Amino acid sequence: MCAAKVETRESLFVSGHRACHGCGLALAVRHILEATGPNVIVVSPTGCLETFTSPYGYSPWRVPWIHHVFENAPAVASGVVAALKAQGRPVTRVVAIGGDGATFDIGFGALSGMLERGDDVLYICTDNGAYMNTGGQRSGATPSWASTTTHPAGKQSVGKTERKKDLPEIVAAHGIPYVATASVAYLRDLKKKVKKAMTFHGPRYIQIDTPCPSGWNFPSHLTLEVGRQAVKCGLVPLFEMENGKIIGVRKLKKKLPVTEYLQGQKRYRHLFESDGGQSELQKLQAEADKNIEKYGLMESG
Amino acid sequence: MNEVKVVEGSEAVALAVKACRPHVISAYPISPQTHIVESLARMVADGELDAQYVRVESEFSAASVLAGASAAGSRSYTASSSQGLLLMTEVLYASAGMRLPFVMTGVNRSISAPINIQVDHQDTMSLRDAGLIQFYVESSQEAYDVHLAAFKIAEDPQIMLPVMVCMDGWVLTHSYERVAFADQKAVDEFLPPFRPENYLDPAHPKSWGSYAEADVLMEFKYAIHRAMSLGKARIKEILAEVAAFTGRDHGGLIEAYRTADADVVLVAMGSMVGTIKDAVDELRQGGKKVGLVKIRCYRPFPYEEIEEAIRGAKVVGVMDANFSMGSEGAVGLDLKAKLCGRPEAPLIIDYIAGLGGREINAQTIRKLVARTEDVYRSRLILPESEWVDLNPAILS
Ligand SMILES: Cc1ncc(C[n+]2csc(CCOP(=O)(O)OP(=O)(O)O)c2C)c(N)n1
Ligand SMILES: [Mg+2]
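The listed protein sequences correspond, in order, to chains A and B. Note that this note's numbering has the first sequence beginning at 24, numbered continuously upward. Note that this note's numbering has the second sequence beginning at 767, numbered continuously upward.
Bear in mind the hints are in silico, worked out from the structure with no lab data behind them. Watch out, some of these pointers could steer you wrong.
Said to hold, decoys possible - Mimicking DSS-like on lysine-lysine, the simulated pairs with C-alpha atoms at most 27 Å apart in a straight line are: (1) B:K972 - A:K214; (2) A:K277 - A:K215; (3) A:K214 - A:K317; (4) A:K178 - A:K188; (5) B:K1002 - B:K951; (6) A:K108 - B:K972; (7) A:K289 - A:K268; (8) B:K1002 - A:K108; (9) A:K313 - A:K278; (10) A:K187 - A:K108; (11) B:K972 - B:K771; (12) A:K218 - B:K972.
From a predicted model like this one, the values you see are computed outputs, not experimental measurements.
Chain A extracted, bound-state conformation (with noise of 0.2 Å):
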């Protein structure tokens, strides 16, 4: 259990893990854990995360870190706070981070009734669109027409023809304390809504946009442009609810066209082949400017 001593910085997610180059979700686990400090638990699901920080024998965790199996980190994350309510420890928290499929599919179930029991757990996703641990297949998170394993592009595919499932809107309907939306893109915004998340009780959800260049395949040190431009297009809307209503978004000084954000992407590439997406890139132009029109996302408007 003793990882490579390479940083000097005090930090509570240390470098010597294993994830690719670029990987919006390691940036995104080393700031949430600045976010919340040392006092917790952290539960993970199989996926990425728990791939690259868990080969036996090293860990970048320097809190406690629990990975059970791919479908229960909120029921993992219950028992661990029933624990520790039996036990009395009230200051340790838990906090629970898992990719889409893990939360949006396979772990929904579990999920949901994580937040009906009201468990004291903060959830955050780590949103990178697909089963990215497997090798980028299709997920509930996958955004319309990007071209996933098992979902590709092809002569009679245009890729995934469902639109994302809106989690964040589902959780909400929970009734829980605080939802929130964050892309590591906008770090500062991140730990302010971690920071946030941890002064409430109860089950709290924060969905983090995390760019993953292996998998929507553009170069690595793009990350944090590409998760940029996924807000500022209104793609990715930033928002944040307490009790049910939005008290705060990520306002937008200009509109980028969606297809600038698109662009650079290859799982969006046959949108722009020549005979391609004309049709799909309107509709997920439509889709940005929904987003925009129900958050309020313009500060002009």
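With chain A fixed as given, assemble chain B with the ligands onto it according to the hints.
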């Protein structure tokens, strides 16, 4: 002091669990397990039991809650049956692999399809390879006593594995029996609070559930097996401790019943054992040298004890209330595998009986003993397990 009451089997289990002072209970309803966790819920609601009761949305989450609670250092408990146990399967394997010592009752019930809520052992048998220690009990009293032992066995530093106490649904869980209860003080002296060496604690951050490559994975798996095999001695000691303070000795890993001079030995587990004992007594009165091995602890498999008990027998009839499709019954396979090639090993015949609650009565046993003697005498080589009381009319 050893109060005696007539209670439902489920209530007896709930009272044993209560006496063991679990921190965390989590469960999901399924017949015939439900009365146990309803009793526990009532005890918590009435303030008789100080535990966190996590009302989950599935058995998958119930087992997962236990995993989290156990890793965080709390004694924890659940119960389930049939479909619920199968739904927990993945979580139970992972929990044994991570050496999380919770206790659960596997209330035996058949598995769909066809759906059926009566007893057989297919459900818990399908978990026999998960790394759980498994007990099977004959009576509510034994269920009570084994549950007292279960937490101590699970939490033993040399063992550290989940323990499942298997108990026949309805026949045991829903029937009323006289049960003697242990004194709480005696239980507390026997079972100290759970204080694991490792638990999730920010003061000593550790990582749990790592990814293990081929260079270490086999050792992890072997370590579970070793904990079980070496644990046999410890399990026997703990069962003996319970016997000492309760004054009730049900035997060790097995109970050998009138086997000493037996020519024919039956092997069985669960509630059918009571019926078989009566049949054995009756057959003995008729001059037949028949005995019974009751398996109490099925995993780790007590083959040394069984071998010892059947030494000198000519033929062994195994009663399996389960079946491995395309092969044979599980207990029969275990026994054949362990005894194969041993000098003077008796002939072993595997019977599949009692699936989906089909009745096994004294007549069934007499018939099987006669058949067993026949097979032995005629030197028949049976091609496969014998399914008891199949109805040819339905099959055609
Ligand atoms: C029950 C089960 N099904 C499938 C898998 C294989 N599997 C492991 S991780 C994973 C995908 C994880 O995706 P996500 O939750 O989005 O996390 P990411 O790796 O993208 O961060 C899959 C399909 C598994 N481990 N367990
Ligand atoms: Mg993902």
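Now for the hints, and whether the structure bears them out:
Of the supplied pair hints, the one linking B:K972 and A:K214 holds, its CA atoms being roughly 24 Å apart against a limit of 27 Å. Distance restraint check for A:K277 and A:K215: the Cα-Cα separation of roughly 23 Å lies within the 27 Å cut-off, and the hinted pair is therefore satisfied. For the hint linking A:K214 to A:K317, the alpha-carbon distance of about 25 Å falls within 27 Å, and the restraint holds. A distance of roughly 26 Å separates the Cα atoms of A:K178 and A:K188; the hinted pair therefore holds under the 27 Å criterion.
Pair hint B:K1002 plus B:K951 holds up; C-alpha atoms about 22 Å apart against a cutoff of 27 Å. Restraint check for A:K108 and B:K972: satisfied, since their Cα atoms lie roughly 20 Å apart, inside the 27 Å limit. This hinted pair does not check out: A:K289 and A:K268 have alpha carbons roughly 36 Å apart, beyond 27 Å. Proposed proximity of B:K1002 and A:K108 is contradicted: the alpha carbons are some 34 Å apart, above 27 Å.
Between A:K313 and A:K278 the CA atoms are separated by roughly 12 Å; this keeps the pair inside 27 Å, and the hint holds. Only pairs whose Cα atoms come within 27 Å are accepted, and A:K187 paired with A:K108 is rejected, the gap being roughly 36 Å. A threshold of 27 Å between alpha carbons decides the hint, and for B:K972 with B:K771 the separation of about 46 Å lies outside it, so the pair is violated. Proposed proximity of A:K218 and B:K972 is supported: the alpha carbons are some 23 Å apart, at most 27 Å.
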